[in-house]
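*Asks:* Sequence:
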Amino acid sequence: MTKDLNKVMIIGRLGTDPDMRYTPGGNPVTTFRVASSRQWKDSSGEVREVTEWFSIVTWNKLAQICNHHLSKNTRVYLEGRLQTRSWEDQQTGQTRYKTEIVASDMIILDQRSDQRSAREPSYAEPAEGRNWSSAHNHHHNNHNHTAKVDTDHVTLPGDEDDYLAPLDIGDEDIPF
0 MTKDLNKVMI IGRLGTDPDM RYTPGGNPVT TFRVASSRQW KDSSGEVREV TEWFSIVTWN
60 KLAQICNHHL SKNTRVYLEG RLQTRSWEDQ QTGQTRYKTE IVASDMIILD QRSDQRSARE
120 PSYAEPAEGR NWSSAHNHHH NNHNHTAKVD TDHVTLPGDE DDYLAPLDIG DEDIPF
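So the sequence shown is numbered by numbering that gives the first Met the number 0: it starts at 0 and just counts up by one.
Certain hints may be false.
The list that follows gives simulated cross-link-like pairs (lysine to aspartate or glutamate, DMTMM-like), each with its CA atoms no further than 20 Å apart [to be verified]:
#1 Lys40 - Glu51
#2 Lys71 - Asp104
#3 Lys6 - Glu78
#4 Lys71 - Asp109
#5 Lys97 - Glu51
#6 Lys6 - Asp104
#7 Lys60 - Asp104
#8 Lys97 - Glu78
#9 Lys60 - Asp18
#10 Lys60 - Asp16
#11 Lys71 - Asp16
#12 Lys71 - Glu51
#13 Lys6 - Glu51
#14 Lys60 - Glu78
#15 Lys60 - Glu99
#16 Lys6 - Glu99
#17 Lys97 - Asp18
#18 Lys71 - Glu99
#19 Lys97 - Glu87
#20 Lys71 - Asp18
Ranges between beta-carbon positions, derived for each pair [to be verified]:
#21 Lys6 - Ala34: 19 to 25 Å
#22 Arg80 - Met0: 17 to 23 Å
#23 Arg80 - Gly44: 34 to 40 Å
#24 Met0 - Gln90: 42 to 48 Å
#25 Pro23 - Asn72: 31 to 37 Å
#26 Gln89 - Val46: 40 to 46 Å
#27 Thr15 - Trp39: 23 to 29 Å
#28 Gly92 - Leu4: 33 to 39 Å
#29 Arg47 - Tyr21: 41 to 47 Å
#30 Lys71 - Tyr21: 19 to 25 Å
I should point out that these hints are in silico values taken from the structure, not numbers from a laboratory.
Predicted model only: the values in this text are computed from it and were never measured.
For each residue, glycine too, the CB sits at the ideal point set by N, CA and C.
Based on the provided sequences and hints, a complete structural model is requested.
*Replies:* Here it is, written out as structure tokens:
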């Protein structure tokens, strides 16, 4: 049996603040756009740059986390799959298509001080390199220290006890 692969990994900056909505069934979905640039030298040695814009969709706990922790210009790593959806344009009657990345993992790449915004109150939170996964229900920081997080209980701002606090894990605590 052969297996197919639909996997996307991008690094870029948010072009706007995330927009979180709820489905009729009550599931949170957050959308935002990410710009990712690449540079190269042309045959004359001049540096060229092109920027691609990607539409991102996140669901459930990852949607809540993205809505709470991301803001315009935040640099992120996203991993997920490509999905194309279609609908009929009500004005023209034509079938329209949109390809987007349905993200399953997200890592904030900005330094903590670089990504502060009016959207985020001042409170204890994980250090840079924060990684949230909708598929694996875990949290990583950029020092390869891993700890399980119960994402069924991740909440939006409320009681201070509800926030994710930095992990105090030393190298001796890691089993490998």
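*Asks:* Now tell me if each hint is right for this structure.
*Replies:* Cross-check of the supplied hints:
no. : hint                      : result
1   : Lys40 - Glu51             : holds (18 Å)
2   : Lys71 - Asp104            : holds (19 Å)
3   : Lys6 - Glu78              : holds (7 Å)
4   : Lys71 - Asp109            : holds (12 Å)
5   : Lys97 - Glu51             : holds (15 Å)
6   : Lys6 - Asp104             : holds (11 Å)
7   : Lys60 - Asp104            : holds (11 Å)
8   : Lys97 - Glu78             : holds (18 Å)
9   : Lys60 - Asp18             : holds (14 Å)
10  : Lys60 - Asp16             : holds (17 Å)
11  : Lys71 - Asp16             : holds (5 Å)
12  : Lys71 - Glu51             : holds (16 Å)
13  : Lys6 - Glu51              : holds (17 Å)
14  : Lys60 - Glu78             : holds (15 Å)
15  : Lys60 - Glu99             : holds (19 Å)
16  : Lys6 - Glu99              : holds (12 Å)
17  : Lys97 - Asp18             : holds (17 Å)
18  : Lys71 - Glu99             : holds (18 Å)
19  : Lys97 - Glu87             : holds (12 Å)
20  : Lys71 - Asp18             : holds (11 Å)
21  : Lys6 - Ala34: 19 to 25 Å  : holds (21 Å)
22  : Arg80 - Met0: 17 to 23 Å  : holds (20 Å)
23  : Arg80 - Gly44: 34 to 40 Å : holds (38 Å)
24  : Met0 - Gln90: 42 to 48 Å  : holds (45 Å)
25  : Pro23 - Asn72: 31 to 37 Å : holds (32 Å)
26  : Gln89 - Val46: 40 to 46 Å : holds (44 Å)
27  : Thr15 - Trp39: 23 to 29 Å : holds (27 Å)
28  : Gly92 - Leu4: 33 to 39 Å  : holds (36 Å)
29  : Arg47 - Tyr21: 41 to 47 Å : holds (42 Å)
30  : Lys71 - Tyr21: 19 to 25 Å : holds (22 Å)
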